[in-house]
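*Asks:* Here are the chains, one letter per residue:
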Amino acid sequence: MARWQGQLVKLDDYRWEIPQNYKTGMRVPGLIYASKEMLESMREEQAPEQVANVAFLPGIVDHSFAMPDIHWGYGFPIGGVAAMDIKDGVVSPGGVGYDINCGVRLLRTSLSEAEVRPRINELINALFHNVPSGLGSEGKIKVSQKEMNQLMVEGARWAVKRGLGTEEDLDVTEEGGCLRGADPGKISDRAVKRGMPQAGTLGSGNHFLEIQVVKEIFDSHIASIMGITEIGQILVLIHTGSRGFGHQVCTDHLRVMEVAVSKYGIKLPDRQLACAPIESSEGQDYLAAMACAANYAWVNRQCIAHWVRESFSKVFGKSPEKLGMKQVYDVAHNIAKIEEHTIDGRKVKVCVHRKGATRAFPAGHKDIPRRYKEVGQPVLVPGDMGRCSFIAVGTQKAMDETFGSTCHGAGRMLSRGAARRSMQGRDVVRELENRGTTVKAGNIPSLAEEASQAYKDITEVIEVVHQAGISRKVAMAIPMGVIKG
Amino acid sequence: MKKAFEIIDHTADVGIVAYGADVKELFSNAALGLFSLITEPESVEEKLHLDLELSSEGRDSLLVEWLNELIYLFDVKHILFNRFDIESLTRNQLKATCYGEDFDLMKHKIKVGVKAATYHMLKLDKNGGEYKAQVIFDI
Numbered sequence: 001m002a003r004w005q006g007q008l009v010k011l012d013d014y015r016w017e018i019p020q021n022y023k024t025g026m027r028v029p030g031l032i033y034a035s036k037e038m039l040e041s042m043r044e045e046q047a048p049e050q051v052a053n054v055a056f057l058p059g060i061v062d063h064s065f066a067m068p069d070i071h072w073g074y075g076f077p078i079g080g081v082a083a084m085d086i087k088d089g090v091v092s093p094g095g096v097g098y099d100i101n102c103g104v105r106l107l108r109t110s111l112s113e114a115e116v117r118p119r120i121n122e123l124i125n126a127l128f129h130n131v132p133s134g135l136g137s138e139g140k141i142k143v144s145q146k147e148m149n150q151l152m153v154e155g156a157r158w159a160v161k162r163g164l165g166t167e168e169d170l171d172v173t174e175e176g177g178c179l180r181g182a183d184p185g186k187i188s189d190r191a192v193k194r195g196m197p198q199a200g201t202l203g204s205g206n207h208f209l210e211i212q213v214v215k216e217i218f219d220s221h222i223a224s225i226m227g228i229t230e231i232g233q234i235l236v237l238i239h240t241g242s243r244g245f246g247h248q249v250c251t252d253h254l255r256v257m258e259v260a261v262s263k264y265g266i267k268l269p270d271r272q273l274a275c276a277p278i279e280s281s282e283g284q285d286y287l288a289a290m291a292c293a294a295n296y297a298w299v300n301r302q303c304i305a306h307w308v309r310e311s312f313s314k315v316f317g318k319s320p321e322k323l324g325m326k327q328v329y330d331v332a333h334n335i336a337k338i339e340e341h342t343i344d345g346r347k348v349k350v351c352v353h354r355k356g357a358t359r360a361f362p363a364g365h366k367d368i369p370r371r372y373k374e375v376g377q378p379v380l381v382p383g384d385m386g387r388c389s390f391i392a393v394g395t396q397k398a399m400d401e402t403f404g405s406t407c408h409g410a411g412r413m414l415s416r417g418a419a420r421r422s423m424q425g426r427d428v429v430r431e432l433e434n435r436g437t438t439v440k441a442g443n444i445p446s447l448a449e450e451a452s453q454a455y456k457d458i459t460e461v462i463e464v465v466h467q468a469g470i471s472r473k474v475a476m477a478i479p480m481g482v483i484k485g
Numbered sequence: 001m002k003k004a005f006e007i008i009d010h011t012a013d014v015g016i017v018a019y020g021a022d023v024k025e026l027f028s029n030a031a032l033g034l035f036s037l038i039t040e041p042e043s044v045e046e047k048l049h050l051d052l053e054l055s056s057e058g059r060d061s062l063l064v065e066w067l068n069e070l071i072y073l074f075d076v077k078h079i080l081f082n083r084f085d086i087e088s089l090t091r092n093q094l095k096a097t098c099y100g101e102d103f104d105l106m107k108h109k110i111k112v113g114v115k116a117a118t119y120h121m122l123k124l125d126k127n128g129g130e131y132k133a134q135v136i137f138d139i
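Chains as they are written, first to last, in the numbering used here: chain C, 1 to 485; chain S, 1 to 139.
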């Protein structure tokens, strides 16, 4: 792969601009959040070129942004943020990604490391048994076509109504676990067929379920509001999305957008950026279908969270309430949303595409739960299974600079093939075990593809967003048990 | 014999480069490449067949549609294919019979879950007498 040779202008230690004149057709400059060291590895692939390409999209305002975890995606880089004016801008399925509303949910417990470590194998086995995972896994909940239509519209509430979770879970889920405007009429029959058997499953690839131990608390006041009070406290992180359903929705609508691009005379540097005006029927149809897939993903994480609570309850012989198993928050990191932002002192409605990026709204924002009004929206940033994960909060600076957005994870550095080759002859499971992390996976050979070496160091990613001020770190946790599909 | 396809690396995903003496062979080899990502094709027997008819706007989008159709059939109907008889192929239409069998957990090893064929870095070329196609898959 050719190294990216484009121009980057240093704005400060953590902000690098791709000037608007880098390529004819860019409507705004690009802006990459990174340290000088990270920039070197970003240049190894074409992700910065994709940041410049996104700047071509009609209606884009301010900058085409890249978070420090960016890597090469399709059309949009993963770790990209772009806001389009809803009056003259476009919506692009590539700016959301195939796994619509892939995201993370964090549960806390009142258990300590000392209580859980002796029973970690039992707990991991119970979770592996209770949470359907892996390729071709089918859900424990049987969803009929009629129910599928309901859950697409209702989101996480659909699951809560069936006893899978509590009203309080919805309060601490982005959008209350339900994106408005979902219209099952915009969903193809084949998307429904792919979605029905996979509801309530973890899936495979980079999706996981992790039992974590709090290792460091950076801001004890904010952490305590999240219910994170002790070093050694046990947390559970769930990372999954909309499974085959979201993929089919994306595939179906990319096809529509392919035609729309020529219909509306949109000039694009990359076909995978296919898009349509937000206000066109193609754009509205995509947003209505995307909301269905986003809601499906929230149902998915809601069901899984419930089975996690059941598993803990069974192993420890206490109710989830007694075990203090409350939800801290749930964030989407592949989504497009219509939001109001202030640009040059003017309130403007924009469609914010966050592809591998997390919303990071500040304290006082109307869209965050009352519990977090005073401190800002929780931001959940999972790292790879050999390192750690972070909990942060959104800031006013994110609101002012990045349309209230920050990073979403570590970001891949090595391809899956390269990761496998680098791990040749090594036993990933044993190596993790030696470091105190128990792993259970449906597909052991593919575990090597998820090894630490394949990812950027999450600590460096968090440092950049923290120093740049677009989110503030609150706590760090390390994995004790991991389930991979 | 010349290679039917090669597997290529992409940072977050994986791709194939397929070859063919004509477009029919190219499409057939691309499908073989797809199933070699998913499983060991030698483990798949011809126990059933399925007729497919597809249309699209052009040849390259037809290739993406074709591969996405096969991904869909595996995801929903759990069928693994290992032979493709492309009966007719125009710029925007394809008619094929696909041979394979139902996925069996005890018999077939699943290597990776392929979720979609993308337009990212999609390339269809003719070089001399040989056709070549590059497709990246989302996994």
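It is possible that part of the hints are untrue.
[Said to hold, decoys possible] Taking lysine-lysine and the DSS-like style, the derived pairs with C-alpha atoms no more than 30 Å apart in a straight line are:
hint, chain 1, residue 1, chain 2, residue 2
1, S, Lys107, C, Lys23
2, S, Lys132, C, Lys267
3, S, Lys132, C, Lys142
4, C, Lys440, S, Lys111
5, S, Lys126, C, Lys193
6, C, Lys193, S, Lys2
7, S, Lys123, C, Lys140
8, C, Lys146, S, Lys77
9, S, Lys2, C, Lys142
10, S, Lys47, C, Lys193
11, C, Lys263, S, Lys111
12, S, Lys111, C, Lys142
13, S, Lys111, C, Lys140
14, S, Lys107, C, Lys140
Simulated from the structure, these hints should not be mistaken for laboratory data. Quick caveat: nothing in here was measured; it's all calculated off a predicted structure.
*Asks:* Look at each hint and say if it fits the structure.
*Replies:* The hints, checked one at a time:
1. S:Lys107 x C:Lys23: Distance ~52 Å between lysine 107 of chain S and lysine 23 of chain C Cα, so the pair is violated.
2. S:Lys132 x C:Lys267: 27 Å, holds
3. S:Lys132 x C:Lys142: Distance ~43 Å between lysine 132 of chain S and lysine 142 of chain C Cα, so the pair is violated.
4. C:Lys440 x S:Lys111: It holds: about 17 Å lies between the C-alpha atoms, which stays within 30 Å.
5. S:Lys126 x C:Lys193: 37 Å, violated
6. C:Lys193 x S:Lys2: 39 Å, violated
7. S:Lys123 x C:Lys140: Violated: lysine 123 of chain S and lysine 140 of chain C sit about 41 Å apart, past 30 Å.
8. C:Lys146 x S:Lys77: It holds: about 20 Å lies between the C-alpha atoms, which stays within 30 Å.
9. S:Lys2 x C:Lys142: 47 Å, violated
10. S:Lys47 x C:Lys193: Answer holds: lysine 47 of chain S to lysine 193 of chain C is near 24 Å, not above 30 Å.
11. C:Lys263 x S:Lys111: Given that 30 Å is the threshold and the Cα spacing comes to 40 Å, the pair is violated.
12. S:Lys111 x C:Lys142: 27 Å, holds
13. S:Lys111 x C:Lys140: Answer holds: lysine 111 of chain S to lysine 140 of chain C is near 24 Å, not above 30 Å.
14. S:Lys107 x C:Lys140: 24 Å, holds
Consistency with the previously given hints fails for numbers 1, 3, 5, 6, 7, 9, 11, ordered from lowest to highest.
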